[in-house]
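Undergrad: Spelled out from the first residue to the last, the chains are:
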Amino acid sequence: MKRIFALCACLIAGMAQAEEFSFDSSAFEKKPFEFGGYLELKADRAWLNPSGSFYKLNGLDRGTLDRNTATLKLNAKFTQGIASLNLRGAAEARRDDLARERNERFDEAYVSLKPDPSFTLDIGKIALKWGKGYAWNPVGFVERPKDPNDVELAREGFTMVTADFIRNFDGDLKTVAFTPVLIPVGSGHNSDFGQPNHINAAAKLYLFYKDTDIDFTWLGSGSRTARFGVDFSRNLTSNFEIHGEWARIRDFEQRSIDAAGNVSATTRDVTSALVGLRYLTENDTTWIAEFFRNGTGYTESQLADFLSLADSTNPALFSKARQISPSYARANAGRDYLYLRASQKEPFDIVYFTPSLTLIANLADKSWSLTPELLYTGITNLDLRLRASWLHGDAYSEFGEKQNKRRLELLARFYF
Amino acid sequence: MKKVFAWLLCLCALPALALDGLEILKKVDRNLEPESSESLRKLINVEPNGQKKEFVLYTVRKGRDQVVGLFLAPESDKGRATLRQGDNMWLYIPEVGKPMRITSMQSVTGGVFNNADILRIDYTAEYNVEALAEDRDQHLLTLKAKTGEVAYDKLKMWVDRKALLPVTIECYAASGMLIKTLHFKDVKDFGGGIRRPATIETDSPLYKGYKSVMIYGQIKKREFQDEVFTLNYLPRVGDLRK
Chain A
504 MKRIFALCAC LIAGMAQAEE FSFDSSAFEK KPFEFGGYLE LKADRAWLNP
554 SGSFYKLNGL DRGTLDRNTA TLKLNAKFTQ GIASLNLRGA AEARRDDLAR
604 ERNERFDEAY VSLKPDPSFT LDIGKIALKW GKGYAWNPVG FVERPKDPND
654 VELAREGFTM VTADFIRNFD GDLKTVAFTP VLIPVGSGHN SDFGQPNHIN
704 AAAKLYLFYK DTDIDFTWLG SGSRTARFGV DFSRNLTSNF EIHGEWARIR
754 DFEQRSIDAA GNVSATTRDV TSALVGLRYL TENDTTWIAE FFRNGTGYTE
804 SQLADFLSLA DSTNPALFSK ARQISPSYAR ANAGRDYLYL RASQKEPFDI
854 VYFTPSLTLI ANLADKSWSL TPELLYTGIT NLDLRLRASW LHGDAYSEFG
904 EKQNKRRLEL LARFYF
Chain B
5 MKKVFAWLLC LCALPALALD GLEILKKVDR NLEPESSESL RKLINVEPNG
55 QKKEFVLYTV RKGRDQVVGL FLAPESDKGR ATLRQGDNMW LYIPEVGKPM
105 RITSMQSVTG GVFNNADILR IDYTAEYNVE ALAEDRDQHL LTLKAKTGEV
155 AYDKLKMWVD RKALLPVTIE CYAASGMLIK TLHFKDVKDF GGGIRRPATI
205 ETDSPLYKGY KSVMIYGQIK KREFQDEVFT LNYLPRVGDL RK
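For the record, the sequence lines run as chains A and B.
The first sequence maps to residues 504 to 919 in the numbering used here.
The second sequence maps to residues 5 to 246 in the numbering used here.
None of these hints come from the bench; they were simulated from the model.
Here are some, though not all, of the chain B residues that point toward chain A, as calculated from beta-carbon distances under 7 Å:
| hint | residue |
| --- | --- |
| 1 | Thr-107 |
| 2 | Ile-219 |
| 3 | Asp-243 |
This one's a predicted model, so the numbers in the text were calculated from it and none came from an experiment.
A virtual CB, placed ideally from N, CA and C, is assigned to each residue, including glycine.
So here's chain A without its partners, still in its complex pose:
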């Protein structure tokens, strides 16, 4: 009996050993229809800043604000011959102490024709991403702005027609790729791109030259004013990368308000630029640093004028500040910024665990936000993230006048 038991144990152990590292590749045959996505649940608490200008502009009257958000992202792709239909949809339900909100949208929905690897034609709603910057992309002329606080957040695209021509060569210049884009803007589509009734032309020329990625980008005059730019990225050593972007915007109109409440608009050519680096240390710490000169931003005194008006007890001045506030409320509305992020891979031998710390500072008024984060991806198809943020700054500084003082957020994302 003992022998039979031992034999069974050996057989079971043997089977377990044999199964341990098996791979049935037939389970991964390509199917014409592919489907996936994730469900994300997020709970966050914000400790509000009653002395902040944006607290007053938003009409708040409480110390904290709790919010729960559920997001469902669905991706689908149907392929038939050289054509494919690509869908990326998002549905979000948000509830906080003040309101409930729901919205559904397609971030992307387009048809793609690929007769050959060197040519692709895409028609529909597409989220193009241009530029090499991690936190900001001044050359991203045909996309919605990135949130530097959550750079990996999916963004909604614009309806467009775009193509991709790729050509490879031997020698120092290895690749040339040309991406022309047409974006129609009317009252019913792409209305937030700019002035209606224009078909906007844009293009990107990519070169892979001497191990350096180089892009030349251009957007013609139409719904937005004309602009052009260049970016680059290259590795100086295997663990040290540098990148940069430069953009020139023609006839940029900036609306501002002075300390007396006078609203004015100035039109001028502006330049934005970004330089950055990514460095991996021997201890697996990744450093990302970027300096951003925002040519479309407000100077320290312009920001302070607006923020002091929003703090005003004079109802007329306060009302004027509220009217113009969308221009000042966009993320990083100032001129000069520093972005610094350090992330440590798997410290204390905890695999799939990545803590990080991110600083975003307005260099003119010396205000900043600091965001520590803990990310754990050790459970298959589940990401867990705990993130806090502290905002600090003097009176009438950018981060000193935000609606929140601190924030704590817990996020769970289930992939399927």
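Dock chain B against the given chain A, drawing on the hints supplied.
TA: Same frame as chain A, but now just chain B:
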């Protein structure tokens, strides 16, 4: 006299018949992967407590130093694509929507395999043969990195003398420290004249108790255009699958 002459002839012919280190390495490269091929692999990271995390990767390669990889599983990584052109590596994450540069010593999967292991290019593209010795029924090649950009400064590669396939590879840092050991197992006939180890196991003194395993499920010869190995094509790599 005739005998002496015959012996002399044989002695002269021997160096020509015997493979030198570079020739062995070239044959190892071609025996492991054809010049242009596609493959399906599973990568398994095993933690000391036995917990496993698995990834499935579709890989396309051409020439000595062009590789593209696409993650098919798990769902959390599905659609991520990596490109290697010589010393340059990029990672494309669908949510982020554009490729970013990564380094050879990082790991897109975590675990003991780093990006240089996962997106391996020909050994002859990265290493010079420093020495060739014989160790029982195996050749022992000592390889030195051609540049400082290569993930490992030195390799000791034991090669099966008959099959000309690697059996064990020890990877060393410039300081002389052993970073990891790769064990090649389960030689399998994949068809089309490709016969190679189906399993590569690795362990590392830097990750005590951890183990990573790479299993080849399919590998076959296939020709690809150079344009496949570009940043612009990276989001569309999945369309290469048939």
